[in-house]
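Generate the whole structure from the sequences, applying the supplied hints.
Protein chains in written order, with this note's numbering: chain A, 1 to 355; chain B, 1 to 395.
To be clear, the hints were calculated from the coordinates, so they are not data collected in a lab.
Bear in mind the structure is a predicted one, so any value in this text is a computation, not a measurement.
Glycine included, C-beta positions come from ideal geometry on N, C-alpha and C.
It is possible that part of the hints are untrue.
Stated by the list, open to error - Derived Cβ-Cβ restraints for the label pairs, each shown as a range: (1) B:GLU354 / A:GLU71: 51 to 59 Å; (2) A:ASP42 / B:GLY122: 30 to 38 Å; (3) A:LEU79 / B:GLY172: 23 to 31 Å; (4) B:GLY122 / A:ALA296: 43 to 51 Å; (5) A:ALA304 / B:VAL84: 34 to 42 Å; (6) B:VAL300 / A:LEU79: 43 to 51 Å; (7) A:GLY216 / B:ALA335: 51 to 59 Å.
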Amino acid sequence: MTQTTEAPPAGSPHRSRPVPVKAASTFAQALNAALADAMEADPTVLMFGEDVGVLGGVFRITDGLTARFGEERCFDTPLAEAGIVGMAVGMAMNGMRPVVEMQFDAFAYPAFEQVVSHVAKMRNRTRGAVHLPIVIRIPYAGGIGGVEHHCDSSEAYYAHTPGLTVLAPATVRDAYFLLREAIASPDPVVFLEPKKLYWSREDVDLAELRRTFEDGQAPRRIGRAVVARAGTDATLISYGPSVPTALAAAAAAAEEGRSIEVIDLRSIVPFDDETVCESVRRTGRAVVVAEAPGFASVASEIVARVQERCFHSLAAPVLRVTGFDIPYPSPKLEHFYLPSVDRILDAVDDLQWED
Amino acid sequence: MSTATNGRGSMEASAGGTQQSMDSALLPSAKPVQLVDPEGCHTHDDRYPLPDGELLLSAYGHLVAGRRINDQANALVRQGRLAVYPSSHGQEACQVAAAVVLAGEDWLFPTYRDTVAVITRGIDPLQVFSLLRGDWHGGYDPHEHRVAPQATPLATQLLHAVGVGHAAKLRGESTVVLAMCGDGATSEGDFHEAMNFAAVFHVPVVFLIQNNEFAISVPLDHQTVAPSLAHKAIGYGMPGERVDGNDLAALLAVLGAAVDRARDGGGPSLIEAHTYRMHAHTNADDATRYRSADDVERWVPRDPILRMRTYLRGLTLLTDEGEHALSDAADSIAATIRGGLNTEAEVDPAQLFEYVYAEKTSQLREQAEQLREELARDAEAESAGAGDQAEGELR
Ligand SMILES: Cc1ncc(C[n+]2csc(CCOP(=O)(O)OP(=O)(O)O)c2C)c(N)n1
Numbered sequence: 001m002t003q004t005t006e007a008p009p010a011g012s013p014h015r016s017r018p019v020p021v022k023a024a025s026t027f028a029q030a031l032n033a034a035l036a037d038a039m040e041a042d043p044t045v046l047m048f049g050e051d052v053g054v055l056g057g058v059f060r061i062t063d064g065l066t067a068r069f070g071e072e073r074c075f076d077t078p079l080a081e082a083g084i085v086g087m088a089v090g091m092a093m094n095g096m097r098p099v100v101e102m103q104f105d106a107f108a109y110p111a112f113e114q115v116v117s118h119v120a121k122m123r124n125r126t127r128g129a130v131h132l133p134i135v136i137r138i139p140y141a142g143g144i145g146g147v148e149h150h151c152d153s154s155e156a157y158y159a160h161t162p163g164l165t166v167l168a169p170a171t172v173r174d175a176y177f178l179l180r181e182a183i184a185s186p187d188p189v190v191f192l193e194p195k196k197l198y199w200s201r202e203d204v205d206l207a208e209l210r211r212t213f214e215d216g217q218a219p220r221r222i223g224r225a226v227v228a229r230a231g232t233d234a235t236l237i238s239y240g241p242s243v244p245t246a247l248a249a250a251a252a253a254a255e256e257g258r259s260i261e262v263i264d265l266r267s268i269v270p271f272d273d274e275t276v277c278e279s280v281r282r283t284g285r286a287v288v289v290a291e292a293p294g295f296a297s298v299a300s301e302i303v304a305r306v307q308e309r310c311f312h313s314l315a316a317p318v319l320r321v322t323g324f325d326i327p328y329p330s331p332k333l334e335h336f337y338l339p340s341v342d343r344i345l346d347a348v349d350d351l352q353w354e355d
Numbered sequence: 001m002s003t004a005t006n007g008r009g010s011m012e013a014s015a016g017g018t019q020q021s022m023d024s025a026l027l028p029s030a031k032p033v034q035l036v037d038p039e040g041c042h043t044h045d046d047r048y049p050l051p052d053g054e055l056l057l058s059a060y061g062h063l064v065a066g067r068r069i070n071d072q073a074n075a076l077v078r079q080g081r082l083a084v085y086p087s088s089h090g091q092e093a094c095q096v097a098a099a100v101v102l103a104g105e106d107w108l109f110p111t112y113r114d115t116v117a118v119i120t121r122g123i124d125p126l127q128v129f130s131l132l133r134g135d136w137h138g139g140y141d142p143h144e145h146r147v148a149p150q151a152t153p154l155a156t157q158l159l160h161a162v163g164v165g166h167a168a169k170l171r172g173e174s175t176v177v178l179a180m181c182g183d184g185a186t187s188e189g190d191f192h193e194a195m196n197f198a199a200v201f202h203v204p205v206v207f208l209i210q211n212n213e214f215a216i217s218v219p220l221d222h223q224t225v226a227p228s229l230a231h232k233a234i235g236y237g238m239p240g241e242r243v244d245g246n247d248l249a250a251l252l253a254v255l256g257a258a259v260d261r262a263r264d265g266g267g268p269s270l271i272e273a274h275t276y277r278m279h280a281h282t283n284a285d286d287a288t289r290y291r292s293a294d295d296v297e298r299w300v301p302r303d304p305i306l307r308m309r310t311y312l313r314g315l316t317l318l319t320d321e322g323e324h325a326l327s328d329a330a331d332s333i334a335a336t337i338r339g340g341l342n343t344e345a346e347v348d349p350a351q352l353f354e355y356v357y358a359e360k361t362s363q364l365r366e367q368a369e370q371l372r373e374e375l376a377r378d379a380e381a382e383s384a385g386a387g388d389q390a391e392g393e394l395r
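Printed below as a string of structure tokens:
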């Protein structure tokens, strides 16, 4: 598998944001463009949810879609998450490619039953006769000073459910390409959008991304992790909102003379064992960085896989830097909770170095 | 905001009088619609003409077959051939009518109890039973006869039905969707969301509640204190109707009218069929704990087959000869089911990993390979064991 090393995204919560020099695009704009381009390219792609129409979504990800494609293609539903996902199931059964927005992570739970019992299982129940090309977009995770129920990291619930593809982009480019791939996927995708990255910027031309995707030039991203920063001494494995923090930690470690590789998973399910294990076998040390509570988490799963597969290459136990096993804390306390550069550097220090 | 002319049953009206007539147009009839009474006599209803004899006779044939399917399936559970069977004995008129009123392009969304409806719609009974037999969670291709997989989580399928109907509308198709659920399911949130979505988006869906008085052990008055389940419709702005659920003629008329209305752009409706579950919830249930034999006995004379038979015989639409033919046809379906389920179906463990994703993930490929190796080792050990045994016998 070939990997492309991409530039780390600008702007981490622990560094001052570089001033954008030229036509930069935000993560949110990339998602909006991906939706618009997908709707343009395929008339069966529909977008619906709460406040996604005239308002353009509470994060404006669906801005302008109703005006451009009409109320039949991008519309508001009654306030009912199970209704939104359940109706998407029927629409997908009848030839549509629905993209639905759950307004916030914790408000997707009323729809959990539909996701787990139907969205994830329809292909299996019907022995492949019915498949559901549905994308469930969820603005997720914290770091934005949000109030209760607006900052949950719910990836483990979805990742634990066979039949779902679970994605969490961390860069503007990946936001665009992964969402296009998700919409094109024959399988249902839970698409986790790190809220704190919505306003992050990259120097990318969205029209250029569209051409690249539609010409089939973009390398596939679902199921493929990427080395976000190359290094030789240890591997930080991360995804979604924690990737910028991991990159900042790697940059700080470099100043202390340690060469840290950072892997951005992008795709939680399917999981790219190959890229992760290749890196860990090379560096011999690994730390998993994720924002969700650590117990019974995606981070736990990654640690287990790495120990199983790379045991003989490991110079130290694989460690985790995660959120605490508590409900997501209130805004004034969240900085104590979130994996920080310091916490990551401490974990790296604990990797049993000889010096 | 526009008024009811948008066809969405808007509650806005200029005068109180209009408001009242609009409301009452959505309300169910005071008594459940009945066209053939338990004695087998035609009872008149101004709004619903009696379906013609041909239709009644052919539907009656399905009724007889449906009863035989229920009886056969129960017997197969006792023989250990089926894991479980939620019988619709006594509810067959609802089952048959739900399937018969639909055109080929229409969709049916059934529940676990609606096996007879699914078979009446034309799906091979052996494929249908693969679910309850334990071969696979669903055994038929939903697109082939436009029948969704039988849903077990209550009321969830009603939303899928709305989605199929909404997509059909967007695609300019004249498809109507009929979705079934029980009385207990009406308490679930998904029921409410489905009604509301269907009404707001003006979707061509007919909701059929089979009110068989119990949700496992819990009687209807523990689910709701509404005047009837059909009354719930007005709260969503769609018409509701009550129908005698053991009267095949009335069911065909009421459901048929609702389907026609939906096809003509009239939007969704809710129909409550009042019937009775004559058997236990499933074979695993002890119904004597929550209802008396007397209660059940009271429903025996209201049997849907009995009355339709009397009615059809009275009109000489049904003759001795005709009855024999229907009985033979039902026997042959039962024999097919019995024969098919008496042979063990081959199950292929490799299929476990087949239908999870369009393309197997590397994790699934690894696990499939792991299971294959395990089974190969087992088979090898077994054949080595058999060899030892054979040698032993020789010595
Ligand atoms: C969401 C959910 N909760 C609980 C159950 C367990 N359950 C299966 S059938 C049933 C009773 C349903 O009663 P009703 O809707 O009246 O349908 P009936 O069985 O009478 O046809 C229950 C509680 C379930 N299948 N789904």
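Now for the hints, and whether the structure bears them out:
1. Taken as a hint, the range 51 to 59 Å is violated for the pair GLU354 (chain B) and GLU71 (chain A), whose Cβ atoms sit roughly 40 Å apart.
2. Distance hint for ASP42 (chain A) and GLY122 (chain B): a CB-CB separation of about 33 Å, consistent with the stated range 30 to 38 Å.
3. Between LEU79 (chain A) and GLY172 (chain B) the beta carbon distance is about 29 Å. The supplied range of 23 to 31 Å therefore holds.
4. Distance hint check: the CB atoms of GLY122 (chain B) and ALA296 (chain A) are about 46 Å apart, consistent with the given range 43 to 51 Å.
5. At about 37 Å, the beta-carbon gap between ALA304 (chain A) and VAL84 (chain B) stays in the expected band of 34 to 42 Å.
6. For the pair VAL300 (chain B) and LEU79 (chain A), the supplied restraint of 43 to 51 Å holds, since their beta-carbon distance comes to about 47 Å.
7. Our hint of 51 to 59 Å for GLY216 (chain A) and ALA335 (chain B) holds, since their Cβ atoms are close to 55 Å apart.
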